[in-house]
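A.B. asks: Residues per chain are reported as follows:
Protein chains: 2
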Amino acid sequence: MFSGAQFSIHAMSDNFVDVILGGVRALGSPDDIRLETDDISTLVVGTPQRVFEAMQSAYAESCRLGGHVVLQAHISRGCPGEPDDPLCRPQAAGGSESARANSAGGEGPAATAADVADTADATAAHTASPAAIADPRSVDPIGIPVAAQFSLYPMGTDRYMEVIAAEIEQMKMSGVFDHSKHFCTKLRGDLAKVMAAVHGSFERAAEHAGHVVIQLTVSKGSPSEST
Amino acid sequence: MFSGAQFSIHAMSDNFVDVILGGVRALGSPDDIRLETDDISTLVVGTPQRVFEAMQSAYAESCRLGGHVVLQAHISRGCPGEPDDPLCRPQAAGGSESARANSAGGEGPAATAADVADTADATAAHTASPAAIADPRSVDPIGIPVAAQFSLYPMGTDRYMEVIAAEIEQMKMSGVFDHSKHFCTKLRGDLAKVMAAVHGSFERAAEHAGHVVIQLTVSKGSPSEST
Numbered sequence: 001m002f003s004g005a006q007f008s009i010h011a012m013s014d015n016f017v018d019v020i021l022g023g024v025r026a027l028g029s030p031d032d033i034r035l036e037t038d039d040i041s042t043l044v045v046g047t048p049q050r051v052f053e054a055m056q057s058a059y060a061e062s063c064r065l066g067g068h069v070v071l072q073a074h075i076s077r078g079c080p081g082e083p084d085d086p087l088c089r090p091q092a093a094g095g096s097e098s099a100r101a102n103s104a105g106g107e108g109p110a111a112t113a114a115d116v117a118d119t120a121d122a123t124a125a126h127t128a129s130p131a132a133i134a135d136p137r138s139v140d141p142i143g144i145p146v147a148a149q150f151s152l153y154p155m156g157t158d159r160y161m162e163v164i165a166a167e168i169e170q171m172k173m174s175g176v177f178d179h180s181k182h183f184c185t186k187l188r189g190d191l192a193k194v195m196a197a198v199h200g201s202f203e204r205a206a207e208h209a210g211h212v213v214i215q216l217t218v219s220k221g222s223p224s225e226s227t
Numbered sequence: 001m002f003s004g005a006q007f008s009i010h011a012m013s014d015n016f017v018d019v020i021l022g023g024v025r026a027l028g029s030p031d032d033i034r035l036e037t038d039d040i041s042t043l044v045v046g047t048p049q050r051v052f053e054a055m056q057s058a059y060a061e062s063c064r065l066g067g068h069v070v071l072q073a074h075i076s077r078g079c080p081g082e083p084d085d086p087l088c089r090p091q092a093a094g095g096s097e098s099a100r101a102n103s104a105g106g107e108g109p110a111a112t113a114a115d116v117a118d119t120a121d122a123t124a125a126h127t128a129s130p131a132a133i134a135d136p137r138s139v140d141p142i143g144i145p146v147a148a149q150f151s152l153y154p155m156g157t158d159r160y161m162e163v164i165a166a167e168i169e170q171m172k173m174s175g176v177f178d179h180s181k182h183f184c185t186k187l188r189g190d191l192a193k194v195m196a197a198v199h200g201s202f203e204r205a206a207e208h209a210g211h212v213v214i215q216l217t218v219s220k221g222s223p224s225e226s227t
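The listed protein sequences derive, respectively, from chains A and B. Numbering follows the numbering used here, with no gaps: position 140 of the first sequence is 140. Numbering follows the numbering used here, with no gaps: position 204 of the second sequence is 204.
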């Protein structure tokens, strides 16, 4: 499986270069994700867990640098047109997902588990265990209040609307639900809780579709009145 | 059919309120689209033709107000979860699409044509005729050079990758193709040509899927080196 995101940080400030690059550079060069930045977005490749963590870290750092800052993220997993990448296998990330991948793929070396997981019907091996999906209500806040909206797209299945509808219901119980809008669901709350809610949707939808896409917008510090 | 977009203009400037609202307010209150702005995005509802025109007009105005300005647009047509809206019927917009809708739906009043077009299998009646899809190579430039990237999602069909692959090939002949990236295709050229290329993909994909989504990012004035 290939999983990752193209994300952009937009800083509404004359000082935008420092705010944007400050966020991206704060990620450093960890060996369990791949980062590539061009003039439009930053690609992050890794397990979904690490992809969400990296986006949250970069954006939080930019938010701390001040002003009205927006994260736009296009997150994807399991696209059939993308190459497999060892970085996207849960065991590369360690932790609780690693344990589950080993139980699904055998106790052998990483390549063995990966071979099993790469069969077409092994999508479930790439989804986090329910225990690994944090309940946004119990996630510790990090002190960055945001508004957000996101859209979920399970690809290649004619039952995708059922998956979307189920996730809208999940969001209503997430503690960060704001309201439904055309084409998307609006959330509001602490950044860490909002990101946990969206990550949860991404993982649960993958139980129904091998290829899942989320489009996410997060906004901090807008001077506009909310409607 | 319901068609529209949630779009956001991001201005990397201390003067961002004037640049963003200057673009959105330049649209005025035309009677053939519906506009709703909140703290994250502006909803525009109308025919795909008018939706693309409105986004281009608003963004172009913001670009003329100066600096590094980004358009993020989430464009959708035919979502089964959205209500029908008369504004989205081609005959409401007049022009060449109106003529085609009438030929498909009969010569009666608008309601008659709309009734026909709203049957589940009449998706094609909502797609623009090939003549109505402007060839980006012959579109007049408007003097705003941009970089862009977009992703196309035909929903509810297991043959969606074929549609996407065909559109990538179309983009290579569009005159604005830059290169393929993970999860998206990068374009570069005059804003009017780039928007025409993306609109073309949106229309052509609708011949294969009733529900089509595009995620589009357009950037003008970035100080970053392109890669």
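Be careful, since some hints might not be right.
Stated by the list, open to error - Listed next, with one range per pair, are the computed distances between beta-carbon atoms:
{"hint": "1", "chain 1": "B", "residue 1": "P223", "chain 2": "A", "residue 2": "A165", "range": "15 to 25 angstroms"}
{"hint": "2", "chain 1": "B", "residue 1": "K172", "chain 2": "A", "residue 2": "R159", "range": "52 to 62 angstroms"}
{"hint": "3", "chain 1": "B", "residue 1": "Q170", "chain 2": "A", "residue 2": "S224", "range": "30 to 40 angstroms"}
{"hint": "4", "chain 1": "A", "residue 1": "D85", "chain 2": "B", "residue 2": "E162", "range": "20 to 30 angstroms"}
{"hint": "5", "chain 1": "B", "residue 1": "S180", "chain 2": "A", "residue 2": "R25", "range": "38 to 48 angstroms"}
{"hint": "6", "chain 1": "B", "residue 1": "P83", "chain 2": "A", "residue 2": "E169", "range": "32 to 42 angstroms"}
{"hint": "7", "chain 1": "B", "residue 1": "E207", "chain 2": "A", "residue 2": "R159", "range": "34 to 44 angstroms"}
{"hint": "8", "chain 1": "A", "residue 1": "P30", "chain 2": "B", "residue 2": "G28", "range": "45 to 55 angstroms"}
{"hint": "9", "chain 1": "A", "residue 1": "V17", "chain 2": "B", "residue 2": "A165", "range": "46 to 56 angstroms"}
Derived from the structure by calculation, the hints contain no laboratory data. Note that CB positions come from ideal geometry on N, CA and C, so glycine has one too.
A.B. asks: Tell me, which hint numbers fail for this structure?
C.D. replies: Hint check: 1, 2, 5, 6, 7 and 9 fail, others pass.
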